[in-house]
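Undergrad: Protein sequence lines correspond, in order, to chains A and B. Per my numbering, the first sequence runs over residues 1 to 110. Per my numbering, the second sequence runs over residues 1001 to 1350.
The hints are simulated quantities; they were obtained by calculation from the structure and are not laboratory data. For glycine and all other residues, C-beta sits at the position ideal for the given N, C-alpha and C.
For each label pair, taking beta carbons as the anchor points, the in silico distance ranges come out as: (1) A/26 with B/1029: 26 to 32 angstroms; (2) A/7 with B/1049: 40 to 46 angstroms; (3) A/55 with B/1006: 44 to 50 angstroms; (4) A/8 with B/1115: 54 to 60 angstroms; (5) B/1049 with A/21: 45 to 51 angstroms.
If you only want the chain A side, here are some residues facing chain B, beta carbon under 10 angstroms, derived: (6) 7; (7) 11; (8) 41; (9) 42; (10) 43; (11) 67; (12) 72; (13) 73; (14) 76; (15) 77.
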Amino acid sequence: MKTYYNPEDLKNFGKIAEYQKPLADKFFDYYGEVFAEGALTAREKSLIALAVAHTIQCPYCIDAYTTDTMEKGCDEEQMMEAVHVAAAIRGGASLVHATQMMNKVKEISM
Amino acid sequence: MKSLKAQHHRLSSAKEEIGILENPIPGSKGGGFSTYLDEVGLFPLKPTQLDTLQINLGKMCNQVCQHCHVDAGPDRKEIMTRDTMQQCLEVIKNHEIKTIDLTGGAPEMNPDFRWFVEAIRSIDSDVNIIVRCNLTIILANPKYHDLPEFFKKHRIEIASSLPYFTATKTDSQRGDGVFDKSIKALKLLNAQGYGIQDSGLILNLVYNPSGAFMPAPQSGLEVEFKKRLADKFGITFNSLFTITNLPISRFLEYLLRSDNYEAYMEKLIASFNPVAASGVMCRNTISVGWDGYLYDCDFNQMLELKVATADSQHIKDYNEKTLLGREIIVKNHCFGCTAGAGSSCGGTTA
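The shape of chain B in the complex, shown without the other chains (with noise of 0.2 angstroms):
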């Protein structure tokens, strides 16, 4: 399977897509999402803090999954440079940045992926740096064996996609033979000490649900997870975050082609929780674009809305005053994130 931006599909284009997301779905307040925010007193919705840096280190991936936000895959070739590498870690240095979240595509697969986290270490020994690792990126090439044990030796957190403990809802999402291989990546970081208790390796894994539905609540699907992730495979793991899809790039094409987009728009208004609202990522996170210029977070980077301020718009020119007091832009893909329990890259918010 190609990207959408190898088929030149008309998805590709953030423009096109906005312009699908901003029709109003019957039965909505007229106003789109601001409407509901302003109601609970959100609009504009501004930061409370800046605490975690999610820096998308490129759009390559070995994987093609069908529901992908970033339009990812191996035909991808926009990759963050080291010069904008270090640019990241100036602000790193002069910046009270507890969260460093590295994501792509497979953030393993930017060349100079070992030695941004090496730098990022040696700047700050205690930042939490989180890997969005897609686990079959261990196994994809012998030069990505010995990732779990960079991963120990840097006291990298983990957290890896799982859609589900079974192979077919796996596969569909994620393509064929991503299960196996994910169970095989899953016991070798295992082997290492992550997900084991009481070693202090973070291995976080992630849902999110294979179709037009919401996910299910977290703590209950992560007791199921454990159980069966345990009995059939002797994998154990931390926390389950369960992510509700949000209706941009391949998972809005998808939504399209198979008529489920007015109704899945219709279920995330339904379930527009303001406690979800008032906890969303984007007010404490700055999402870094793989060429620097700096997002609201990882939905905007895709829709290309960059941070609404005149002179911090890029990695070079960070300023967190100047980034504390903009406004965050908000439109209708942002129901994904306040529907119902509430979604973010860390789980439900609400």
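Chain A with its partners taken away, still in its complex shape (with noise of 0.2 angstroms):
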């Protein structure tokens, strides 16, 4: 079955090189370098990584950050309080437009 998405593509993401090598260089070390150790432990970055994965709904990006979060050594609990994380955002980025919609109930009410 045909599909838009394969796992097996995951792999070849350097491969993107092939059709533009000078943006894709800079790319991936631009990547490389914000995954780094830094302010921010690998672990800590890996787990945003994994939030943010859900939050773009990348498969690509799911698979990879989940056993990249649990190569560092995190546990299911902390990757679903991640996804959690997300989620709260996520919902809460829908809830706090309710205050507009909130402000034009009021504007347009007697």
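Hey, can you piece these two chains together into the complex? The hints should help.
TA: Have a look at this one:
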């Protein structure tokens, strides 16, 4: 069955350089540096990436950062809490707009 | 759960395992592990010294861990005899061995375990004796309850597997209830002074992943383990060794059954690290099987790949010069020891 997403494509990510090498090189250099140990640990960054992966709902990123967080020593509880952070922000982002709705209700109501 | 051998599983055959491992992995260089070693000038792989004797006292164990490379368990009856131990003692007496690493199965289940430890100590009061204690054995039967005192008396270094600081992950790999028993055993060892600063009694923990992924960086995970075990259980230990699961025996069976084999091998191969390769433990260790045969490492032992020497394949024929001159047998399972930060019974190597 043909699908838009193929798990095998994840390991071919680097091949985007075949069509535009200089930009790909810059991106992967930047990517590598972003995830290196810094003011945040590589483990903390991996958990952030896992949460963002769920926010943008990228199957490749979810696969990659599920493995990566486990390889950084995180457990399922920590990983699920990270996803709840993403869910809370997403949900909150909808709900906070309710204030706009409430303002408009007040504006047009007697 | 039964051992693969008791199940008459096809992967209880070393020949079958090697056949699977030697199939080329898509995307890897032809020729397998030896090609990768050759490219960094390490093939043929040679020993650097012989300072560690790792002795497998038998395949019998009170646990049946999902990932066990020995395929150990209560149904395994292979046990080292006192005669073979005596041959080991002759080697220890006549050579400069710095570390005796006793493993199994559960080495303590060998009925001559204590006799052997005492005999080693009487020959050499300074040699470092490591026992790979699975912790639960201490609680398994009243006859083992005094093991912590025995270990202390003979200044044994303890290396114990604890895959995680939570029950879920530990039990999924090592069996139901293992985490709680391991915590109780660790407290008993702490009570004897093991893992306590300045006691001189070393208690190291061993982490290996509970699944088809690579281990976390050793130093960071050690900090996390120390904090979690101290905060929640008041347990202390010396060092955490992170170990990569090698694709043999029960872990190979898991990889194949869960359809993770190819991706796991690809990851090990892609993570080949020449620095880790130069520091692999088979370069300074000889592994002795329960029946006295000699191997380059515990993994080669389980794959029945005896050392490549004509006249020193058994402990009774131990010849240091011959063994130092041998070529270490390498196959694709060796990628497990050279991936990332490297892996050995003493943790990372790079």
